[in-house]
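Student: With the hints as extra help, turn the sequences into a complete structure.
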Amino acid sequence: SQQGEEDPQALSIQEGENATMNCSYKTSINNLQWYRQNSGRGLVHLILIRSNEREKHSGRLRVTLDTSKKSSSLLITASRAADTASYFCATDRGTGNQFYFGTGTSLTVIP
Amino acid sequence: DTGVSQNPRHKITKRGQNVTFRCDPISEHNRLYWYRQTLGQGPEFLTYFQNEAQLEKSRLLSDRFSAERPKGSFSTLEIQRTEQGDSAMYLCASSFRGGSTDTQYFGPGTRLTVL
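So the sequences go chain by chain: B and A. Here my numbering is used: the first residue of the first sequence is 6, the next is one more, and so on. Here my numbering is used: the first residue of the second sequence is 2, the next is one more, and so on.
FYI, nobody ran anything at the bench for these hints, they're computed from the structure. The structure presented is a predicted model; accordingly, all values stated were derived computationally and were not measured. There could be a bad hint or two in this list.
What the hints assert, rightly or not - 25 Å max Cα-Cα, derived SDA-like pairs, lysine to any residue:
| no. | chain 1 | residue 1 | chain 2 | residue 2 |
| --- | --- | --- | --- | --- |
| 1 | B | 31 | A | 59 |
| 2 | A | 15 | B | 75 |
| 3 | B | 74 | A | 104 |
| 4 | A | 15 | A | 57 |
| 5 | B | 31 | A | 62 |
| 6 | B | 74 | B | 52 |
| 7 | B | 31 | A | 42 |
| 8 | A | 58 | B | 61 |
| 9 | B | 75 | A | 42 |
| 10 | B | 31 | A | 69 |
| 11 | A | 12 | B | 49 |
| 12 | B | 31 | A | 103 |
| 13 | B | 75 | A | 103 |
| 14 | B | 31 | A | 115 |
| 15 | B | 74 | A | 42 |
| 16 | A | 15 | A | 98 |
| 17 | B | 61 | A | 98 |
| 18 | A | 12 | B | 41 |
| 19 | B | 31 | A | 41 |
| 20 | A | 58 | B | 10 |
| 21 | B | 75 | A | 104 |
| 22 | B | 31 | A | 58 |
| 23 | A | 12 | B | 90 |
| 24 | B | 31 | A | 104 |
Tutor: If you want it as structure tokens, here you go:
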């Protein structure tokens, strides 16, 4: 069963613009992770944020976590055509074992 | 570190046939996971191993599915008497339990098409 839900389901922006996608989840977590998936390929890990962290940066990525609202956001700054992919959030429901993925946001960056 | 590898990358089979997929995790990782992903959806958990022990199975894993990790290294996922509803991408991931994070690293997947 899916744990989370990404919003929006699809996003189309011009190269150079920022892209923001959101993830909501239902149960308590130890950590939340964001993954990228290019069409028909495996998932690439982007960033992990722990439940006691509120914000984390990695290069052009900025992730926030609000455990009171059970939500997270991923911001990609200065987007590039190569950022075109589906983005998924994944949570562990506090077990640290299996991950529960959302349905993903499909991002298209137009050159 | 060559990453997680999966074979084959694509498999086309006829309904009723058996298929087997292989996953080779990152060498020092003690946990191995199998997920299934259908078009337009996120991956759904099937099962995971810690070393050679299968610790958890999803109710998605019907009795036609069996997974093994005999020596705590590579793993196989077998589907018997395949059905058209089994068509999906099967993803394998590995992680190191005991490290500072629980990041799972994914392989490229095996795309199964059941005709």
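Student: Check the hint pairing residue 15 of chain A with residue 75 of chain B against an upper bound of 25 Å on the C-alpha distance.
Tutor: Since the Cα atoms of residue 15 of chain A and residue 75 of chain B sit roughly 43 Å apart, the hinted pair is violated (cutoff 25 Å).
Student: Below or equal to 25 Å on CA atoms is what counts here, so check residue 12 of chain A against residue 49 of chain B.
Tutor: Satisfied, since the Cα-Cα distance of roughly 22 Å is no more than 25 Å.
Student: Assess, step by step, whether the Cα of residue 74 of chain B is no farther than 25 Å from the Cα of residue 52 of chain B, and give holds or violated.
Tutor: holds (20 Å)
Student: CA of residue 75 of chain B to CA of residue 42 of chain A, is that 25 Å or under?
Tutor: holds (21 Å)
Student: Compare the distance between the alpha carbons of residue 12 of chain A and residue 41 of chain B with 25 Å, and conclude whether the hinted pair is satisfied.
Tutor: holds (24 Å)
Student: Within 25 Å, alpha carbon to alpha carbon, are residue 58 of chain A and residue 61 of chain B?
Tutor: violated (32 Å)
Student: Is it true that the CA of residue 31 of chain B sits at most 25 Å from the CA of residue 115 of chain A?
Tutor: violated (34 Å)
Student: Would the pair residue 75 of chain B and residue 104 of chain A pass a check requiring their Cα atoms to be no farther apart than 25 Å?
Tutor: holds (20 Å)
Student: If you draw a straight line from the CA of residue 31 of chain B to the CA of residue 42 of chain A, is it 25 Å or shorter?
Tutor: With Cα atoms ~18 Å apart, residue 31 of chain B and residue 42 of chain A stay inside 25 Å; holds.
Student: Does the alpha-carbon distance linking residue 58 of chain A and residue 10 of chain B stay inside the 25 Å limit?
Tutor: holds (23 Å)
Student: Tell me if the straight-line CA distance from residue 12 of chain A to residue 90 of chain B falls inside 25 Å.
Tutor: holds (24 Å)
Student: Please work out if residue 31 of chain B and residue 104 of chain A have their alpha carbons no farther apart than 25 Å.
Tutor: holds (20 Å)
In the structure shown, a violation is registered for the earlier hints numbered 2, 4, 8, 10, 14, 16, in ascending order.
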